[in-house]
Amino acid sequence: MKIARQAVRMILIAATAVVVLPGLLSGVAVTRADEVAEVNPEAREAEAKPDERPEDVERRQQLDLQIKQQAVHWLAQFKKLLHGDLELVRAVCGDLPRESRRAIVRAGDQAAKDASLRLAELQFRDQRRQQQVGGGLQAMVGDVLKKIVSPAAEPVTTPDAGKPTDDPLTLFSAALTESLKEHVGSEQAEKFSRQIAARNERRKAAAAHAIVATLDAELCLSAAQREKIEQSLLERWSDSMCMAVQGMYTNNGVRIFPGLPDECVRPHLTSTQRERFQRQPPLGDPSSQPQFVMQTLNMLNAAEVPELDPWWAE
Amino acid sequence: MMQGTASIKPSGLAVYWRRGAGITLLMIVSLFLCGCPPLHGEDDTVVDAATRQKTGQGLQHQQIALDQQMNSMFFQGVGNSKLARQKFIDRLLLEVSAIDEVCGLTDQQRLKCETAARLDVARVMDDVDVVRRRYAGRTIDLNSPAGQAEWQRFHQDATAVRAKLTSAGDATSLLKRVIAGVLDDTQRSAWQRESELRRQYQWQSVVETGLTQLDLALGLTAEQHDAIRGMLMEQPLRMNGGMVWGQHNHIEPYICRYALSRLDRSRLDALVSKRQRKMLGECIDHGQAMGEWLKQQKLILE
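Same order as they appear, the protein sequences are chains A and B.
First residue of the first sequence? That's 1 in our numbering, and the numbers climb one at a time after it.
First residue of the second sequence? That's 1001 in our numbering, and the numbers climb one at a time after it.
If you're looking for bench data, these hints aren't it; they were derived computationally from the structure.
For every residue, glycine included, the Cβ atom is placed at its ideal position computed from N, Cα and C.
Mixed in with the good hints, there may be bad ones.
[Unchecked claim] To be clear about the criterion: a stretch of chain B counts as covered by chain A if any three or more of its residues have a C-beta under 8 angstroms from a C-beta of chain A, and this derived list gives those stretches:
{"no.": "1", "region": "1147-1157"}
{"no.": "2", "region": "1169-1178"}
{"no.": "3", "region": "1207-1219"}
{"no.": "4", "region": "1264-1276"}
[To be verified] What the simulated footprint calls covered on chain A by chain B, stretch by stretch (three residues with Cβ under 8 angstroms from a Cβ of chain B suffice, anywhere in the stretch; the number is not a length):
{"no.": "5", "region": "212-221"}
{"no.": "6", "region": "264-277"}
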C-alpha cells in the first residue's frame, strides 16, 4: 500500500512537472504583464491577440462582461461608503471652498469606480488566471503539484504588513486623502487619514472579536483564554482570517475554521479543548480572498444609497 | 534493410507513446485520482433547492421528502441526530471542564455535573424526537395550498427544534441547577464572575460588529463612535450565544440595530449631524422591524 501511494505520488509529480510547469511559468509572465491591463477590462478587450482561438476570445469577453457587471454591483456599495466618508470629511474639515468640494466629490466618484472594478477583478482573478495559463486543467494540476512538492511551505496566512496596496478599500481611502491634500491642505488630509486609520483598527478589532466569540461558542473558553487568543490574532492579523467564520463547515460534527492559524489558538487551549479544535485546513492563496472587503461592503446591503447632500454640489 | 531499421528504431506509435502519450495518460489517471467530487458548502444544497423551487423545474421538484429536510434543517452543520447528540454532549462536557478549570471541582462534583449534562441532552433529544416522529416518512406537495401551509409549519418547527437544541445547558437546564447546587460559595462566585465576563464579551462583539456598519454608512468620527458605543454597552440584550454564534452567520449587526432601536432616540440624535440622523433613522427602523424575527429565532431572549 505504501509503495502504491509513493508510486502515485511520483506519477503525479512527473506528469505535472513535464506537462504543466512550462504552462505555469508562462502563466507567471502573462500575469505580470496583465496586471497593468487588469484595472481596465476595456483595455484588455482592445489588445490584439493574433494567436487567440475564437472560443478563447469568447470566453475572455464573457469574463470581462461578468467583471463589469459585478463592478456595477460593488459601485453601489462603494457609493454608500463614499457618502459616509464625505460626511467624515465634512466633520473633520468643517467648511470647504466650493471648488474644493466639487473636486473632492469628483475624486471620490472616480475612486469608487476604480475600487469597484478592482474588487470585481479580484473576485474573478482565479478564472482569469486559468484562462491565462491555458485552461483550468493546468491550473488545477499545478495546485496539486505545489501541494505535493512543498505542503509545509504553503502559507496559511500572510500578515497584513506584506499586503499589496491594491486592496480596494485602501485604494479608495487613499484616493480621497490624496484629493483632500491637493484641494484643502496637508493638515486636513492628515486629520482625515487619522480618522480612517482609527476606523480600520476598530474594524479589525471587531473582526477578531467576532472570531473569538465564535470560537468561544464552540470551545467554551475562559475570559483569560479569549483575551490571549484575541491578542494573538491581532498580532498576526490578516484580513483572510475572516474566512474562518464565513461559513459553518463541520467535520464529523466538529466545526472547522478554515485558515485560522493554529499557533494563535492551540497554545492557549486546554487538552480537552484541543480535542475539539482540529488542525484547520489552509486557505490556499489568501490574497485571492477579498471576502473581508466584500463582507464590509455587504454590511451596507440593507441601506439605500443616500442622496448626496446638495452642499457638495453648490 | 527497411525492416531491420524498423526493428531497431521504434515505431511511430511507440515514439508517440514515449514522448507524450504516456505522460498524457498518466495525467489523465492522476486527474482521476485527484478528481474528488466538487466541494460544496452546506449552503449550496439549500440554494439549489430554493432555486429549483423558484424556477419550478418539473413537478417532481415540488415534492419534498421531509426525512432528508429534517436532517439538514434540524441539525444544521452536522446533518444527523447522532452527531448532533454527540456535539451537544461534547459542548456541555467542555463547559464542565471550563468550570473545573476556574473553580477546581472535586471528582464527585464533576461527576454530578457531567451526569446532569448528559441528562439535559437526552431530554432535549427526546423532545426533538417527538417532532421528528411527526414528520417521519412524509412528503410535502408544494403545489397544493395544504402542502405549502405544512411546509410553513415545518419551518417553524425546525426553528423551534434548533432553539431547543441550543437550549441544552441554558439557564433553565438541569446542568445549571446542579452547578448552583454543588458549588461552594467561593466556587459559585468565581463561576458567576466568569459567566458575566462571557456575557459582556458577547455583547461587546455584537456592539462592535454593528458599529462597524454605522462607522461606514454614517461616516462616524472616533468620538461619535465611542459615544454611541457607550450607550449600547449600558443596555445589553440577553442573547442565546449558542444560536447567535453557533447557528447563524453575521447576525450580530442585526441584533445591534435592534438594540439601537431600544435606546433613547433624543440622546442618539444629539450625537450625530442632521444628515447622519437620516441614515441612522433607517438603521433603527430596520432594527425595529427585525426585532420580532430575532425573538422568534430565539436569538435574543426577551
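List of violated hint numbers, smallest to largest: 1 and 2
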